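Protein sequence lines correspond, in order, to chains D and B. Using our numbering, you'd call the opening residue of the first sequence number 1 and step up by one each time. Using our numbering, you'd call the opening residue of the second sequence number 1 and step up by one each time.
What the hints contain is simulated information worked out from the structure, not anything from laboratory work. Please read these numbers as outputs of a predicted model, since none were measured by experiment. Among these hints, one or two may not hold up.
The list cannot tell twin chains apart, which means a pair is met if one copy fits it or any two copies do.
Pairs of lysine-lysine residues, derived as DSS-like cross-links and limited to a Cα-Cα distance of at most 27 Å, are as follows [stated by the list, open to error]: (1) K710 to K73; (2) K710 to K65; (3) K334 to K506; (4) K710 to K117; (5) K334 to K510; (6) K293 to K134; (7) K127 to K710; (8) K510 to K620; (9) K125 to K710; (10) K52 to K65; (11) K710 to K52; (12) K334 to K485.
Number of protein chains: 2
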Amino acid sequence: MEALDYHAKERRKAEFDVQEMKIVWAGSRQAYEISDRVARLVASDPVSDFVKVFRKDNRTMLSRKELFTDTLKKVAHAWKRINELRLSEEEGTKLMDFMDQPSFADLQWGMFIPAIKGNGTEEQKAKWLPMAYKVQILGCYAQTELGHGSNVRGLETTATFDPQTDEFVLHSPTLTSSKWWPGGMGKVSTHAVVYARLITDGQDHGVHGFIVQLRSLDDLSPLPGITVGDIGMKFGSGAYNSMDNGVMRFDHVRIPRDQMLMGISQVTREGKDVQSDVPRQLIYGPMVFVRQKIVADASTALSRAVCIATRYSAVRRQFGSQNGGPETQVIDYKTQQSRLFPLLASAYAFRFVGQWLMWLYRDVIQRLQTNDFSTLPEVHACTAGLKSITTSATADGIEECRKLCGGHGYLSSSGLPELFAVYVPACTYEGDNVVMLLQVGRFLMKTVSQLGSGKMPVGTIAYMGRAEHLLQCRCEVERAEDWLKPHVILEAFEARAARMAVACAKNINKFPKQEDGMHFSLDILLLHGPSRKTLSMLQGKDCAAAASLLKLLTSVCVSLCLSSGFAELSADLTEAAVAHCQLIAVSKFIEKLQQDIPGKGVKRQLEILCNVYALSLMHKHIGDFVATGCISPEQGALANEQLRLLYSQVRPNAIALVDAFNHTDHYLGSILGRYDGNVYPKLYEEAWKDPLNETVAPDGLHEYIQPILKQHIRLARL
Amino acid sequence: MEALDYHAKERRKAEFDVQEMKIVWAGSRQAYEISDRVARLVASDPVSDFVKVFRKDNRTMLSRKELFTDTLKKVAHAWKRINELRLSEEEGTKLMDFMDQPSFADLQWGMFIPAIKGNGTEEQKAKWLPMAYKVQILGCYAQTELGHGSNVRGLETTATFDPQTDEFVLHSPTLTSSKWWPGGMGKVSTHAVVYARLITDGQDHGVHGFIVQLRSLDDLSPLPGITVGDIGMKFGSGAYNSMDNGVMRFDHVRIPRDQMLMGISQVTREGKDVQSDVPRQLIYGPMVFVRQKIVADASTALSRAVCIATRYSAVRRQFGSQNGGPETQVIDYKTQQSRLFPLLASAYAFRFVGQWLMWLYRDVIQRLQTNDFSTLPEVHACTAGLKSITTSATADGIEECRKLCGGHGYLSSSGLPELFAVYVPACTYEGDNVVMLLQVGRFLMKTVSQLGSGKMPVGTIAYMGRAEHLLQCRCEVERAEDWLKPHVILEAFEARAARMAVACAKNINKFPKQEDGMHFSLDILLLHGPSRKTLSMLQGKDCAAAASLLKLLTSVCVSLCLSSGFAELSADLTEAAVAHCQLIAVSKFIEKLQQDIPGKGVKRQLEILCNVYALSLMHKHIGDFVATGCISPEQGALANEQLRLLYSQVRPNAIALVDAFNHTDHYLGSILGRYDGNVYPKLYEEAWKDPLNETVAPDGLHEYIQPILKQHIRLARL
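Construct the complete structure from the given sequences, taking the supplied hints into account.
Take a look at the structure:
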């Protein structure tokens, strides 16, 4: 690939050790080596019957059926390779990641197995997990219903205990109770963990999980009483259409009692619902893990889009040709830099906050083992908030990168349309991003209400302990370069977050207290949590219990809940939440820079990116900073001035900074983003592969075009 | 359709006459009647061979080839109906609009014919137009090249005059000179207006237009020397993949001399390049027309997304169930309202500014006829700016509406993914939106530099004549309701725009003057103009002339051009430009309300929407307003408070306000947006139509799944 390299000149400009940066990006030398080895393994997968099974370049041209078959083929091949090469779990997971095609297999490992591990009894784990690990059964996770998304309490599917036969009868009483969306369920899964309301002698015990066989292991035909299929096309071509998201209805389907997941609560032979005393807080471990994964994935997705847009911006030339010389590279235009470089910096910022979340996860696990639940409310709020701001910024950032590629970004071969289509669901699943922010807002209101109570806020909210100072401090910036000081940036972001939170709390308390408030608050709690994945940990309590549990954990400030103001001002609360979460992202980037980072010029580059990230956020949200008096308009102008200087410093390193993501051309899947920059010949080549070019004349020529050319339109003009 | 109506209750809440609002939206009673009649004609098109030719519900499931054939079929049928029904030009155009599928036919009427009309001699028009109107030939517009987008000066295709044979020789000297993107060219067009550099005896006379036959009229096979095909898949499924955007290369293709469009300049038998004295300013008429159409289309596209999201937000319920009652309609949540209602208001705002642009177009035409070119610079800037802000806001708004529909918005059957994919190119074509804003910024700088010169700014920039006042005026708002006064809103927006423009000019002048600036400025001029469509009007001058012409017309302030500051501060300039353009949109909405608007409650609703539009913009850009001291933070908070009250006033009218768009279910193409609100049963029904559900077991079962279920993964865990 290096043979021809149109970016060679750009790469020589780099002022830092790209190899060392790759390790920083990966998180560790070992992580880098595994990821690098497996990525190349997938990219250079041996040709089987003359076709690379892992190829993606034709994906958007495949019909739905062809795409789905292609997915089955890829998964089978991936598992074959994993076996042949005796890959470790980490390597195997990486291989699936680099295969880069959503499939039923994701649910087996991501949802079905964890649900059983989290909620099954020892006997149930011993029975089901080996079959799942050996892929003798294919499992999915059936929670969401056609009429019920986040509101778990609203699920309608019933599992009624029949003491006569010692069985549960699963039933879909209404159309809206049809299971809808579960991945893998549409065409493939043989089994599912199904969430349904447990009914014993006429009593509703809320939502529980049940292991249900859906299809015959021989020919995958649905079992009696089960209607199941695919829910149809989704956003884009290729993208998530490789996944068989499913619809399913039960007509009085019977399963033995021991297929209810009874790790946390049991139903006895007599049909009694017995609770265990497993501490509920354990649900938080998996939740933190899932959210740190989502944040890490956001940095990866954004890094792919930024890599494509940056490389193509260096290839693409527009205007500025002087006396017949070459035109100017678009990456040299300030308008391009001011849109692209903040996204480049964001990819790094999300990477580091994701790495920090991995540390936080380990910390939470340790604490849970010693029954230390003190940090959970703060952990819950900061992980919910980071999930929200990183996924939203990434979805928007991918589309911005597409626009930054001009017209060619609209071609499927740019890779950007599919990247966008496959990524955007992240803003909705695992807790809608707006709802996540309301969770954070609620936590902020609680924290504010406790100020002065002597209880010191901890972790990412610790700065609130200095609220008194932050509410009246004045920014010391006098010259543009003052904005390069980490403590100056940090204080500005802290002051902004603190002032917006306090202002919200004050406004909320102006509103009358009323019953509605309480309902709303409970709803929000359920709305947020449990998330789809973590609900599997929550089963075994009726939802009122779940509510009160979560209420406890998320430290709802009742006086605020009781105020109708919370609902009225929910839009303002989300803005205060964003301010708090952006502060976290900025502060974790700054903390990262306090570590010792080896490699020539590496730390310097990260310092520049950290400043770009912080100051571009400040510019974007300048209203928050100025309106709250954290900084003056003049100081805002100085920040903007400094930002322009920083862009000039990023420019020579831009290509090397995206090289550091270490994406293979296979994984990137973009002609515009090719490592060698050989864009135009390959675009030209690619065009001819479209099915429309198989024949010179289009199908339908005789029926539809020739008659037109021969007819005479009566109109003088159309 | 009215038989079952889940929205009946919502519709009864309306506080205004929906029928009258439909007429306001359409622009006139007559426009409403034509549009309504033709829309229903398409929606209820008679069944031919048991399939509705105009159906769109299966579009995203079609393979590229099937989709393209479907397009040929639709166009042929459309023309058949236009003939049978002897539709007028206006009706015929509407029918094509409501067919709602991009096709080669768009280029025939939108580009090929206008190019000949604008640039042909009388003889050329007499020869070619009748054939084009009767569709005996199918034409497209071949300007853009693989390596050259907006920069017309960079086009590489050559047309060399051969005096021996009295012919032009068209040739593509490089790969990057391949024509790339022209719609209709890929598989269908028999002819094209091709833009190429005119070369006569070794001299380059710049870009001119030539009529070239591409394909045989019998079997559409490409003529000798022509390589032509489709450029491949684009964003999304369905969407623009119905269009055969093409790639084409010439290998010394000869055409007779009289196929160069010679309306404005000619090449004589001896190969001399002779200029005519047609006033260049005439190019502005078509340009204004094209841009007003783009703005009108933006309001239509946004209205479709808003209609879908609003109706589904009334159907969808989440949480808030009290003692077992129904859950709360999501449209009742403030977070939903604060995202949805500003988009609803924007759709109306864009509608009215589009209607005003139609007036402006007529005004410009009249002036051009009397050689009055005085308003052109201002017209040029305001149309460029409105194109930019309306298309950007619409693209973002459609995606926001999709997110507002939760998970189901991700389904193709919601109609939103395809609407987004088919719309986003509007941000790039006809002048990239950022480049358009730089044009506006340049005009603002020019205007500022002339302040005090005695020359009074006119039209949409007239407020700059009061700069002195606007730079020091203070907002008088003391209570939230003060923000309901139009003159208060107007002055705040004027002050913001004036102050940002003046601040930019001051900063620019701080930078040293240098040659580069001039190059940059010329480039920008060419970059902006001529737009693809209007270039057809511009042919017949070498580009230096074009540059100086456009330079003249756009009144470039040379002192500013010469400053490197223009390039350095281009990002700031775009922000000042946005402020100016948003002011125009707000002021035209306010002006609309000064007209007499019949119909019970209609005007009242529009006043509410106008305030929502203005105050939500203010909230979004609060930094501009506060940092420039136009309003105080407290006044900003009052605006926000007023905004919440306005949302409550919109709420009961929301469904009726989207009904007023008068979209048929066929045109809307969304199950979530169905007029009758019968969403869930139809979603369920739709799912089974997916090709994946044709068979119970998926293709590939035996090859790929059964082996997996039988194999034993060696790993203890993957």
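**Item:** Intra- versus inter-copy proximity for K73 and K710 (alpha-carbon distance at most 27 Å)
**Value:** Only across copies: K710 and K73 sit 16 Å apart there, 48 Å inside one copy, limit 27 Å.
**Message:** When Cα atoms must be at most 27 Å apart, do K125 and K710 count as within-copy, between-copy, both, or neither?
**Reply:** Classified as between; 21 Å across copies, 73 Å inside a copy.
**K334 and K485: within-copy, between-copy, both or neither at 27 Å Cα** = For K334 and K485, only the intra-copy Cα distance (24 Å) is at most 27 Å; the inter-copy one is 39 Å.
**Request:** Give the relationship of K334 and K506 under a CA distance limit of 27 Å: within one copy only, between copies only, both, or neither.
**Result:** This pair counts as between: shortest inter-copy Cα distance 18 Å, intra-copy 41 Å.
**Request:** First find the shortest C-alpha distance between K710 and K117 inside one copy, then the shortest across copies, and answer within, between, both or neither for a cut-off of 27 Å.
**Result:** between (70 Å within a copy, 23 Å between copies)
**Request:** Up to 27 Å between alpha-carbons, please classify K710 paired with K65: within, between, both or neither.
**Result:** between (38 Å within a copy, 24 Å between copies)
**Prompt:** For the identical chains here, do K293 and K134 meet the 27 Å Cα criterion within one copy, between copies, both, or neither?
**Reply:** within (25 Å within a copy, 60 Å between copies)
**Request:** Tell me, please, which holds for K710 and K52 at an alpha-carbon limit of 27 Å: within, between, both or neither?
**Result:** between (47 Å within a copy, 24 Å between copies)
**Message:** Reference check for the pair K127 and K710, CA-CA at most 27 Å: within, between, both, or neither?
**Reply:** between (72 Å within a copy, 17 Å between copies)
**Item:** Status of K510 relative to K334 across identical chains (alpha carbons, at most 27 Å)
**Value:** between (46 Å within a copy, 17 Å between copies)
**Request:** Pop the pair K510 and K620 into one bin, within, between, both or neither, using alpha-carbon distances up to 27 Å.
**Result:** Answer is between; shortest inter-copy Cα gap is 24 Å, intra-copy 30 Å.
**27 Å Cα threshold - placement of K65 relative to K52** = Cα proximity of K52 and K65: in one copy and across copies (19 Å, 24 Å).
In summary, this structure violates none of the numbered hints.
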